[in-house]
Amino acid sequence: MDESKTTPIPWNTDKSYTNENIKRLDNAIEKFCEDNKLKFIPMDGVVGNDDLIDGLHPNTKGHIKIFNRMKSELESMQ
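Counting from 18, one number per residue, gives the positions in the sequence shown under my numbering.
Certain hints may be false.
Derived lysine to any residue pairs resembling SDA-like cross-links, with alpha carbons at most 20 angstroms apart [to be verified]:
id, residue 1, residue 2
1, K22, G72
2, K88, N76
3, K40, L73
4, K40, F57
5, K82, I70
6, K22, S33
7, K54, N44
8, K82, D61
9, K32, L42
10, K54, E90
11, K48, M60
Label-pair ranges, simulated between beta-carbon atoms [stated by the list, open to error]:
id, residue 1, residue 2, range
12, K54, P25, 35 to 45 angstroms
13, P25, Q95, 41 to 51 angstroms
14, K32, M94, 35 to 45 angstroms
15, F84, E20, 20 to 30 angstroms
16, S21, K54, 36 to 46 angstroms
17, Q95, D52, 23 to 33 angstroms
18, K54, K78, 31 to 41 angstroms
19, T30, E51, 34 to 44 angstroms
20, A45, N76, 22 to 32 angstroms
21, E51, S21, 29 to 39 angstroms
22, S93, S33, 27 to 37 angstroms
These are computed hints drawn from the structure, not numbers from a lab. These figures come from a predicted structure and were not determined experimentally. From the three backbone atoms N, C-alpha and C, an ideal C-beta is built for every residue, glycine too.
Full structure from sequences and hints, please.
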């Protein structure tokens, strides 16, 4: 994530999106998956700042990279 575009968030200057927040959320999701015997597909390093439309959300190229990562992981499970 490009924190220069998400800190602070434009519509609420008291709040920000940070890479630390994303990591904390990823850890919680990974633990949930582990506890429920679900496959967790990490997205670390899949998209870069050029793949984010607003510093946080993926653009078309970013979505394609995420799709390809998920597809590869899911195909390896067959």
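How the hints compare with the structure:
Restraint check for K22 and G72: satisfied, since their Cα atoms lie roughly 5 angstroms apart, inside the 20 angstroms limit. Among the hinted pairs, K88 with N76 is consistent with the structure: their alpha-carbon atoms are about 18 angstroms apart, no more than 20 angstroms. Of the pairs offered as hints, the one joining K40 and L73 holds, with about 13 angstroms between alpha carbons and a cut-off of 20 angstroms not exceeded. Between K40 and F57 the alpha-carbon distance is near 14 angstroms, which keeps this suggested pair within the 20 angstroms criterion.
Only pairs whose Cα atoms come within 20 angstroms are accepted, and K82 paired with I70 is accepted, the gap being roughly 14 angstroms. Annotation: proposed proximity of K22 to S33 holds, straight-line Cα distance about 9 angstroms (limit 20 angstroms). Our distance criterion of 20 angstroms between C-alpha atoms is met by K54 and N44, whose separation comes to about 15 angstroms. Restraint check: the Cα-Cα separation between K82 and D61 comes to about 12 angstroms, which is no more than 20 angstroms; the hinted pair holds.
For the suggested pair K32 and L42, the alpha carbons sit about 16 angstroms apart, so the restraint of at most 20 angstroms is met. Pair hint K54 plus E90 holds up; C-alpha atoms about 16 angstroms apart against a cutoff of 20 angstroms. Restraint check for K48 and M60: satisfied, since their Cα atoms lie roughly 15 angstroms apart, inside the 20 angstroms limit. K54 and P25 have their C-beta atoms about 39 angstroms apart, which keeps the hinted 35 to 45 angstroms range intact.
A C-beta distance of roughly 44 angstroms is found between P25 and Q95, which places it inside the suggested range of 41 to 51 angstroms. As the Cβ distance of K32 to M94 is approximately 37 angstroms, the hint placing it in 35 to 45 angstroms holds. Checking the proposed 20 to 30 angstroms range against F84 and E20 shows it holds: the Cβ atoms sit about 25 angstroms from each other. Checking the proposed 36 to 46 angstroms range against S21 and K54 shows it holds: the Cβ atoms sit about 39 angstroms from each other.
Separation of Q95 from D52 is about 24 angstroms and conforms to the stated range, judged on CB atoms against 23 to 33 angstroms. Take K54 and K78: their Cβ atoms lie about 33 angstroms apart, and the range 31 to 41 angstroms holds. Look at T30 against E51: about 36 angstroms separates their beta carbons, and that is inside 34 to 44 angstroms. At roughly 26 angstroms, the beta-carbon separation of A45 and N76 lies within the given 22 to 32 angstroms, and the hint holds.
E51 and S21 have their C-beta atoms about 33 angstroms apart, which keeps the hinted 29 to 39 angstroms range intact. Taking 27 to 37 angstroms as the suggested C-beta distance range, the pair S93 and S33 conforms, at roughly 36 angstroms.
Checked against the numbered hints listed earlier, the structure breaks none of them; every hint is satisfied.
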